[in-house]
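Given these sequences and hints, build the entire structure.
Each protein sequence line maps, in turn, to chains A and B. Its first residue numbered 0, the first sequence is counted upward by one per residue in numbering that gives the first Met the number 0. Its first residue numbered 0, the second sequence is counted upward by one per residue in numbering that gives the first Met the number 0.
One thing to keep in mind: the hints can contain errors.
[Unchecked claim] For lysine to aspartate or glutamate, the following DMTMM-like pairs were computed, each having C-alpha atoms within a straight-line distance of at most 20 Å:
1. B:Lys77 to B:Glu162
2. A:Lys320 to A:Glu398
3. A:Lys442 to B:Glu50
4. B:Lys56 to B:Glu27
5. A:Lys424 to B:Glu51
6. A:Lys469 to B:Asp113
7. B:Lys135 to A:Glu441
8. B:Lys109 to A:Glu229
9. A:Lys453 to B:Glu88
10. B:Lys225 to B:Glu27
11. A:Lys166 to A:Glu327
12. A:Lys442 to A:Glu472
13. A:Lys442 to B:Asp73
14. A:Lys424 to B:Asp213
15. A:Lys442 to B:Asp213
16. A:Lys424 to B:Glu88
17. A:Lys147 to A:Glu160
18. A:Lys424 to B:Glu143
19. B:Lys107 to A:Glu472
20. B:Lys99 to A:Glu472
21. B:Lys191 to B:Asp213
22. A:Lys351 to A:Glu327
23. A:Lys442 to B:Glu88
24. B:Lys191 to B:Glu125
25. A:Lys295 to A:Glu229
26. A:Lys198 to A:Glu146
27. B:Lys107 to A:Glu454
28. A:Lys453 to B:Glu143
29. A:Lys147 to A:Glu205
30. B:Lys99 to A:Glu441
Hints are computed from structural coordinates only; laboratory data are not their basis. Note that the structure is predicted; figures quoted are calculated from it, not measured.
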Amino acid sequence: MAYTEEELKKELETKEYEYGFYTDIESDTFPKGLNEDIVRAISKKKNEPQWMTDWRLEAFRIWEKMEEPEWANVHYEKPDFQAISYYSAPKAADPNKSLEDVDPDLLEMYRKLGISVDEQKKLQNVAVDIVVDSVSVATTFKKTLAEKGIIFMPISEAIQEHPELVKKYMGTIVPKTDNFYAALNSAVFTDGSFCYIPKGVRCPMELSTYFRINEGGTGQFERTLVIADESSYVSYLEGCTAPSRDENQLHAAVVELIALDDAEIKYSTVQNWYPGNAEGKGGVYNFVTKRGLCEKNAKISWTQVETGSAVTWKYPSCILKGNNSVGEFYSIAVTNNYQQADTGTKMIHLGKNTRSTIISKGISAGKSQNSYRGLVQIGARAANARNFSQCDSLLMGNECGAHTFPYIEVKNKSAQIEHEATTSKIGEDQIFYCNQRGIETEKAIALIVNGFSKEVLNKLPMEFAVEAQKLLEISLEGSVG
Amino acid sequence: MLKINDLHASVEDKEILKGINLSVNAGEVHAIMGPNGSGKSTLASVIAGKEEFEVTKGNVVLNGEDLEDDSPEDRAHKGVFLSFQYPVEIPGVSVTNFMKTAINESRKAKGLEDMPAKEMLKMIREKAEMLEIDRKFLSRSLNEGFSGGEKKRNEIFQMAMLEPKLAILDETDSGLDIDALRIVANGVNKLKSKDNAVIVITHYQRLLEYIVPDFVHVLHNGKIVKSGGKELALELEAKGYDWIKNEAVV
Ligand SMILES: Nc1ncnc2c1ncn2[C@@H]1O[C@H](COP(=O)(O)OP(=O)(O)OP(=O)(O)O)[C@@H](O)[C@H]1O
Ligand SMILES: [Mg+2]
Numbered sequence: 000m001a002y003t004e005e006e007l008k009k010e011l012e013t014k015e016y017e018y019g020f021y022t023d024i025e026s027d028t029f030p031k032g033l034n035e036d037i038v039r040a041i042s043k044k045k046n047e048p049q050w051m052t053d054w055r056l057e058a059f060r061i062w063e064k065m066e067e068p069e070w071a072n073v074h075y076e077k078p079d080f081q082a083i084s085y086y087s088a089p090k091a092a093d094p095n096k097s098l099e100d101v102d103p104d105l106l107e108m109y110r111k112l113g114i115s116v117d118e119q120k121k122l123q124n125v126a127v128d129i130v131v132d133s134v135s136v137a138t139t140f141k142k143t144l145a146e147k148g149i150i151f152m153p154i155s156e157a158i159q160e161h162p163e164l165v166k167k168y169m170g171t172i173v174p175k176t177d178n179f180y181a182a183l184n185s186a187v188f189t190d191g192s193f194c195y196i197p198k199g200v201r202c203p204m205e206l207s208t209y210f211r212i213n214e215g216g217t218g219q220f221e222r223t224l225v226i227a228d229e230s231s232y233v234s235y236l237e238g239c240t241a242p243s244r245d246e247n248q249l250h251a252a253v254v255e256l257i258a259l260d261d262a263e264i265k266y267s268t269v270q271n272w273y274p275g276n277a278e279g280k281g282g283v284y285n286f287v288t289k290r291g292l293c294e295k296n297a298k299i300s301w302t303q304v305e306t307g308s309a310v311t312w313k314y315p316s317c318i319l320k321g322n323n324s325v326g327e328f329y330s331i332a333v334t335n336n337y338q339q340a341d342t343g344t345k346m347i348h349l350g351k352n353t354r355s356t357i358i359s360k361g362i363s364a365g366k367s368q369n370s371y372r373g374l375v376q377i378g379a380r381a382a383n384a385r386n387f388s389q390c391d392s393l394l395m396g397n398e399c400g401a402h403t404f405p406y407i408e409v410k411n412k413s414a415q416i417e418h419e420a421t422t423s424k425i426g427e428d429q430i431f432y433c434n435q436r437g438i439e440t441e442k443a444i445a446l447i448v449n450g451f452s453k454e455v456l457n458k459l460p461m462e463f464a465v466e467a468q469k470l471l472e473i474s475l476e477g478s479v480g
Numbered sequence: 000m001l002k003i004n005d006l007h008a009s010v011e012d013k014e015i016l017k018g019i020n021l022s023v024n025a026g027e028v029h030a031i032m033g034p035n036g037s038g039k040s041t042l043a044s045v046i047a048g049k050e051e052f053e054v055t056k057g058n059v060v061l062n063g064e065d066l067e068d069d070s071p072e073d074r075a076h077k078g079v080f081l082s083f084q085y086p087v088e089i090p091g092v093s094v095t096n097f098m099k100t101a102i103n104e105s106r107k108a109k110g111l112e113d114m115p116a117k118e119m120l121k122m123i124r125e126k127a128e129m130l131e132i133d134r135k136f137l138s139r140s141l142n143e144g145f146s147g148g149e150k151k152r153n154e155i156f157q158m159a160m161l162e163p164k165l166a167i168l169d170e171t172d173s174g175l176d177i178d179a180l181r182i183v184a185n186g187v188n189k190l191k192s193k194d195n196a197v198i199v200i201t202h203y204q205r206l207l208e209y210i211v212p213d214f215v216h217v218l219h220n221g222k223i224v225k226s227g228g229k230e231l232a233l234e235l236e237a238k239g240y241d242w243i244k245n246e247a248v249v
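As structure tokens, then:
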């Protein structure tokens, strides 16, 4: 059948979450609720040194006094933070295990996701640090990396093995006081990744982590810290998906990037957490704080493909502190059914000759709401700062919304700022044109969406680009036969 | 090959095609002419299966099969090709990628494997050469920022790639410069065979000097009011449509 608005709408509404399954893994789960004792217990469970416990407690005390923010263009039932269990570890996990010893249930889960560990092992040039719930289950390629002096490990291990680095950098980019969710994360984070690239080293492979929420009713609070020392380079991939669950799951991650002089960090994310069903029930709340700091001549690129979660609140940002530093943000955000996304970036220009580029592609379908929120701030001393922003929205159907909130603050007259925005709709004429060439409607939509997103997809590392394209299709195509 | 019987079609309750009868055999070229708004493009769209138009009476039969229940893509798979009067833009999708998708979708419908990349490239090279299309052009986004003439040439490139049974060219000549017209018309002639048929919609005799029609039909107010040989086009060029309109009223 050829395309009509009505049919497209139906098609999109019948889409079910592709990865909607739930693997039974025995978990070691804390009682629900949050207080100082729980924070201490988490720290103890992780065998943390006292300084870390104190750090968490301080964060907890800050969080207790904070209010959940309401300024974003999203509407949801506030999570009950006392109804969440803050620690859950798959019992089978053992840090001394090799990949081959991994729980077969987990392997099965990865197989369903199309990212089986076996397959990953074969994937050359990709080191994988898999996080299931809150404990890292397996780390690969550690040796190869170690030869170059690269540290890539779960943050809990880094706290034990490299306390000086963790102590020096953690919380410097996203302080405990930054915002409600960052404070919460600082108090209760249970895992995440730590990465350090030594001076002058070019990381020979893409560092990749697959995050996954597995236990019903638990939130996940990862903490990621990437430090690229002077003149080093690293490309980091983060991908995730979650099983289909009815209750809302909270996710509040913190990612801190530090690019020292002349260093470059590429951080790519594909996010496909459970968006809730077609009626808007369930789904992950994704409240993420991601921020990077660029020293002199450094560069940080954030690339993200966001297709999942019921509510997304996420603004990967760059603080361009050093002269001649560069910040980039490339984003594709897809919302369907009742999904809500409020995402964008902040480019804070402090140094001279700093440059930033923002390319944001929002695709909305169903009854979803998709907002871009971006801040470009040029400080008084940031002479000759330049920014280019482009925000494009693609609408499918008449019931969804696309919103753009660009904020610009300039304190230096030499700044050059360009902002472009477009909104378009997938037209019946485009669909008919494709149909006439023998391309069915579903495929036509995928083609048009991929075309619309191309500038951003092109920024992803190859392995990821293919996966991301597939995700775009899964997120938007119906299950029409 | 194509048989159209007493075809009536309307959009939003407005009848546009009011009883079209047309028979096209394999190996033939038919030209359809007629004043603006007479329903030429609508006829082309209805043959191609655009659902915006409701067929209220009559039918379109291709190789003995009534197309009524066929979607536009089904019809395309059966060999119907429409060179659009106004080709649409698809940003970010290169001509090559679009063609690759179109060809492989058609093959899939026929139960065939994807065309091997090597074969596809060879075909693209050949057809682009035939139509004197710069290969760089093929990596550009489909129709985005193309000039009027480039769009039309690209339509014929697609036709060459898809090798249709029935090609309908809706004002392919408009927008083409004199050289381009010759190149495109030659391309169409090369694609012509005893097994396929072409319907050319045009306002001008000039195209028909290159693509010589076996029959010329005049569409007026949703009906074919006059049919003849290629000389009819010359007569129209000289006299305009008024005399036919008057004849039709009588
Ligand atoms: N979607 C539509 N809604 C309303 N009217 C339409 C629609 N499509 C076509 N029409 C009308 O149908 C009539 C025939 O249009 P059509 O495009 O078929 O003419 P044409 O013969 O191709 O004209 P031209 O020579 O200008 O290309 C016109 O009056 C046009 O306005
Ligand atoms: Mg027309």
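Against the 20 Å threshold, does the CA-CA distance of lysine 424 of chain A and aspartate 213 of chain B hold or violate the hint? Judged against 20 Å, a Cα distance of about 42 Å means the pair is violated.
With a cut-off of 20 Å on the C-alpha distance, tell me whether lysine 166 of chain A and glutamate 327 of chain A pass. The given pair, whose Cα atoms are some 27 Å apart, is violated under the 20 Å limit.
Holds or violated: lysine 77 of chain B with glutamate 162 of chain B, Cα cutoff 20 Å? Holds, at roughly 11 Å.
20 Å limit on alpha-carbon distance, applied to hinted pair lysine 295 of chain A and glutamate 229 of chain A: Roughly 9 Å between the alpha carbons, so the hint for lysine 295 of chain A and glutamate 229 of chain A holds.
Does glutamate 27 of chain B sit within 20 Å of lysine 225 of chain B, going by the straight-line distance between their CA atoms? 18 Å, holds
Given pair status - glutamate 472 of chain A, lysine 107 of chain B, alpha carbons within 20 Å: Roughly 18 Å between the alpha carbons, so the hint for lysine 107 of chain B and glutamate 472 of chain A holds.
Can you confirm whether the C-alpha distance between lysine 198 of chain A and glutamate 146 of chain A stays at or below 20 Å? At roughly 14 Å apart (the allowed maximum being 20 Å), glutamate 146 of chain A and lysine 198 of chain A satisfy the hint.
Please work out if lysine 191 of chain B and glutamate 125 of chain B have their alpha carbons no farther apart than 20 Å. Satisfied, since the Cα-Cα distance of roughly 16 Å is no more than 20 Å.
Would you mind confirming whether the straight-line C-alpha gap from lysine 99 of chain B to glutamate 441 of chain A stays at or under 20 Å? Distance ~16 Å between lysine 99 of chain B and glutamate 441 of chain A Cα, so the pair holds.
Can you confirm whether the C-alpha distance between lysine 135 of chain B and glutamate 441 of chain A stays at or below 20 Å? 29 Å, violated
Lysine 442 of chain A paired with glutamate 472 of chain A [C-alpha distance capped at 20 Å]: Holds. Lysine 442 of chain A to glutamate 472 of chain A sits at ~8 Å (cutoff 20 Å).
Does glutamate 327 of chain A sit within 20 Å of lysine 351 of chain A, going by the straight-line distance between their CA atoms? Holds - the C-alpha atoms of glutamate 327 of chain A and lysine 351 of chain A are around 16 Å apart, at most 20 Å.
In summary, the structure is inconsistent with hints 2, 4, 7, 8, 11, 14, 15 and 27 from the numbered list given earlier, while agreeing with the others.
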